[in-house]
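All chains, full assembly: derive it from the sequences and hints.
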Amino acid sequence: MTTWPCHPANMSERIPEKVITLVIAGICERLKSPAQIMEINQTPNDDVDTYSYEGKKFKFFYPVSHKMTRYSDFCVALQKNEKTKKLCQNESCRRGLKALFSDTGDGAEMLRCHLGLINFAQRIEVAGHPLAVCSGGKFVIHGEYDKIRENFSKLSKSISLPPNEEKSILDLVTSIQERNETEFKSEFENEMSILQELTNHYLNTNRGREEISCRNKIVEVMSGTYNDPENFKKRLEESLTVLKEFFPVEYWAMFLSSQPDDSVLPLFVQVGFENEEIQGVHFNWRKAGLSEREKNDIKEISRGQTPAEDFQKVIERGFRGKGKEKFASALYILPITESHQGILVAGPWQNTSQVDLLNSGLGGNSFLNNIGRFFLTRAITQQALLASKKKDQDRDLMVAITAHSIRGNLHQLWNLMEIVQSRGRNPKYSEQVDRCMMGMEQVIREMKGIVERTVDDPGPAISTKITKSDMHWESNINLSALINNVAQRLNAKARDKQIIINIADEIEELPLIECDPYLIDLVFNNLVDNAIKYSSPDKEIRIYRVECDQDNVIIAIQDYGWGIAPEDFEHLFELGFRSDAPKKLVRHGAGLGCYQANIFVKLHEGNITCTSRPKFFNAPMNQYVVEFRIRLPVKVKR
Amino acid sequence: MEKKRILIVEEELCKPIEDNALLILLDDNGIEYDIAETGAEAFGFLEKNRYDMICLDIMLEANNEGKAPKLPADLKRVDVGVYILEKLRSGAFELDGAAKDTPVVVVSAVTGYERRKKIIKLLKKEEYYIQKPTEPKEIFKAIKNILGLS
Chain A
415 MTTWPCHPAN MSERIPEKVI TLVIAGICER LKSPAQIMEI NQTPNDDVDT YSYEGKKFKF
475 FYPVSHKMTR YSDFCVALQK NEKTKKLCQN ESCRRGLKAL FSDTGDGAEM LRCHLGLINF
535 AQRIEVAGHP LAVCSGGKFV IHGEYDKIRE NFSKLSKSIS LPPNEEKSIL DLVTSIQERN
595 ETEFKSEFEN EMSILQELTN HYLNTNRGRE EISCRNKIVE VMSGTYNDPE NFKKRLEESL
655 TVLKEFFPVE YWAMFLSSQP DDSVLPLFVQ VGFENEEIQG VHFNWRKAGL SEREKNDIKE
715 ISRGQTPAED FQKVIERGFR GKGKEKFASA LYILPITESH QGILVAGPWQ NTSQVDLLNS
775 GLGGNSFLNN IGRFFLTRAI TQQALLASKK KDQDRDLMVA ITAHSIRGNL HQLWNLMEIV
835 QSRGRNPKYS EQVDRCMMGM EQVIREMKGI VERTVDDPGP AISTKITKSD MHWESNINLS
895 ALINNVAQRL NAKARDKQII INIADEIEEL PLIECDPYLI DLVFNNLVDN AIKYSSPDKE
955 IRIYRVECDQ DNVIIAIQDY GWGIAPEDFE HLFELGFRSD APKKLVRHGA GLGCYQANIF
1015 VKLHEGNITC TSRPKFFNAP MNQYVVEFRI RLPVKVKR
Chain B
18 MEKKRILIVE EELCKPIEDN ALLILLDDNG IEYDIAETGA EAFGFLEKNR YDMICLDIML
78 EANNEGKAPK LPADLKRVDV GVYILEKLRS GAFELDGAAK DTPVVVVSAV TGYERRKKII
138 KLLKKEEYYI QKPTEPKEIF KAIKNILGLS
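Listed in order, the protein sequences are those of chains A and B.
Just add 414 to wherever you are in the first sequence, counting from 1, and you've got the working numbering.
Just add 17 to wherever you are in the second sequence, counting from 1, and you've got the working numbering.
There may be inaccurate statements among the hints.
[What the hints assert, rightly or not] Here are the computed lysine-lysine pairs in the DSS-like style, where the Cα-Cα straight-line distance is at most 25 Å:
id : chain 1 : residue 1 : chain 2 : residue 2
1  : B       : K93       : A       : K947
2  : B       : K32       : A       : K911
3  : B       : K84       : B       : K65
4  : A       : K907      : B       : K32
5  : B       : K32       : A       : K842
6  : B       : K117      : B       : K20
7  : A       : K947      : B       : K84
8  : A       : K1029     : B       : K84
9  : A       : K862      : B       : K32
10 : B       : K104      : A       : K953
11 : B       : K104      : B       : K135
12 : B       : K142      : B       : K21
13 : A       : K862      : A       : K907
14 : B       : K84       : A       : K842
15 : B       : K87       : B       : K135
Calculated directly from the structure, the hints in this document are not laboratory data.
Dropping the structure here:
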């Protein structure tokens, strides 16, 4: 009896396999093209989906597509059993495997199968596993249909195909979309990059464990009730709630087994769902023993033409009709969204023919594996897309803020330069000219700071992307010297406002720490710079040691001037945030300083806190004491 | 000849005020001016005076700290200039103050496409949108052209 692969007892610990299958199915959907992955097979027992090459076994992961089973005749790298091996598999498999073994991984390598269909293969690495991803085979270069037909005709002469099979393959070729090769390659490479990032992210965030946990919960909910239809339905609904908590997506298919040796037939028919591969599910289900009338009813439903309340009746008719003996129980309609419903069929198989049913009608175990994962893939790819969009938005915002600040500074520079040019030679204006030249120097310094923080170094520049592995760690960094350097560098700016930067004596006695000195320098630079900006003139900025032990050191930067309003605290470390009140003082700031400082300190597993208190009771906003405290570990766990 | 008078709405002027090349040029050419550094200050001037033209920045503070707000408190900085321009063109100040068809030159570092399109529609002439950074001389040239000065 075929066991349900998604039962926790059957799930392997090799998370990458599940995740990759998930993601590649999503890629197929987006690229509108089949895609396959090759990996060295770790479980040689499963012979159905493996391919032997030079003495090694390689495993394939299939995407969602019932058409893949028919495509197998000429699709890249799909291995059937010895009896039905056909056409160009050897040639294409070799090319696909070449991608797998390729060390360069520079980009997608174009492959042509014997028929002339275009594929791309690219090697990527996910969690240390090399994978070759092959995609395509579903499009032709413009004008090559005739050539493909000619190739097919030649090949099919050496292989005996049933006439209807030959025709159906040719029809399939004809229905393949014409695509631009360069565009597709670019899309494919982009998808590979997403695949890598998504999968690694997924693995890094232990998503696989969430998935197992989710399934465990569902199994627990469903346990022992499948013989009791009333409770079963209720439990199915409960299970859907569990699933939604983990994976908030629009479409669902759910697969359950309450016993390890249960077989479950997962099917999904959705009202109004257009994707032809999902319609393929419906078509395959028709082979599960429904009458013509019921099949047509379902077909109509899936085009969104049957009201939801009739849906149940039609399906139950089918359930009660032919094929019922194959299901012990449970054909239920579950509302998923307002406009979509899903059908779940679950329960143990009653006879031994289910393997045939699955293999012949539904593409085998792989199909079962993939249909459910397809929807989970949508969840992951949708979430990743959203996260990716947010990153892009953050990056765009940072660029926009920086550009605006630089424009403002350049405008000031031009203004001051014009005065110097027009009055520079007139001694009457020497004081003004001196002042303007100092102003120019200050503006240039300001711009230099902005540029250094946001443009030069791609790591800290787009600091939303920097990770611990990007950092340049050094041991025994003299934090005292670093702070003193920052203070010295900003002294001229402080002097312009008659501000004194006072470094307390105990700063000289700080421990040596492990850190990325460039980033920590930026942290102190940004915070002291902010202190100067928001400080009232003729005041003092104090830098002192709050606390120091063998594990941590806490430094405070205190200034006296514009305070931070209570409602601004929660936004203090957000990108682009600048407190409303003192904007008149802060002409050239870009809202990046606190944001960056916070990220860099967090990367060191430290933190920044801030307090703002009035100097005296009811003091106005410009008479506040503001203090930033930076906690840095002496040693960081990496 | 009657002296020309303009309103400059700009929050990023250099201090001291004499370190602004544009103002020096205006002084040297006998053009009088008022300076508004916030939207509220601009409203204050526009409500009471007629101007021969207005030189307007887009991004500035709406209201003055500690004073009763004249502009909506939730108005974003980047929308203040547009708000002033819209009010001007609607004739909000017409009764005792600035005429609704007072020529306006916008001088701004803001580059957002939609916002710029909106502003140019209100200005009626694309050349009256001057993108920062730019030389003060260029702004002065635009002012002279509008005022009809040689």
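Going down the list of hints, with the structure as the test:
1. A C-alpha spacing of about 22 Å is found between K93 of chain B and K947 of chain A, which places the hinted pair at or below 25 Å, so the restraint holds.
2. At most 25 Å may separate the alpha-carbon atoms for a hinted pair to count; K32 of chain B and K911 of chain A meet this at roughly 13 Å.
3. In summary, the hint linking K84 of chain B to K65 of chain B is supported, as the alpha carbons are separated by about 19 Å, within the 25 Å threshold.
4. Using a Cα cut-off of 25 Å, the hinted pair K907 of chain A and K32 of chain B holds, with the two alpha carbons roughly 16 Å apart.
5. For the suggested pair K32 of chain B and K842 of chain A, the alpha carbons sit about 19 Å apart, so the restraint of at most 25 Å is met.
6. With a C-alpha separation of about 20 Å, the suggested pairing of K117 of chain B with K20 of chain B holds against the 25 Å cut-off.
7. The hinted pair formed by K947 of chain A and K84 of chain B meets the criterion: a straight-line CA distance of about 23 Å does not exceed 25 Å.
8. Proposed proximity of K1029 of chain A and K84 of chain B is supported: the alpha carbons are some 22 Å apart, at most 25 Å.
9. With a C-alpha separation of about 22 Å, the suggested pairing of K862 of chain A with K32 of chain B holds against the 25 Å cut-off.
10. Our distance criterion of 25 Å between C-alpha atoms is broken by K104 of chain B and K953 of chain A, whose separation comes to about 42 Å.
11. Restraint check for K104 of chain B and K135 of chain B: the C-alpha separation of about 14 Å stays at or below 25 Å, so the hint holds.
12. A hinted pair counts as satisfied when its Cα atoms are at most 25 Å apart, and K142 of chain B with K21 of chain B qualifies at roughly 21 Å.
13. About 13 Å separates the Cα atoms of K862 of chain A and K907 of chain A, which keeps this hinted pair within 25 Å; it holds.
14. At roughly 40 Å between alpha-carbon atoms, K84 of chain B and K842 of chain A are farther apart than 25 Å, so this suggested pair is violated.
15. Annotation: proposed proximity of K87 of chain B to K135 of chain B holds, straight-line Cα distance about 23 Å (limit 25 Å).
Violated hints, listed in ascending order, are 10, 14; each of the other numbered hints is respected by the structure.
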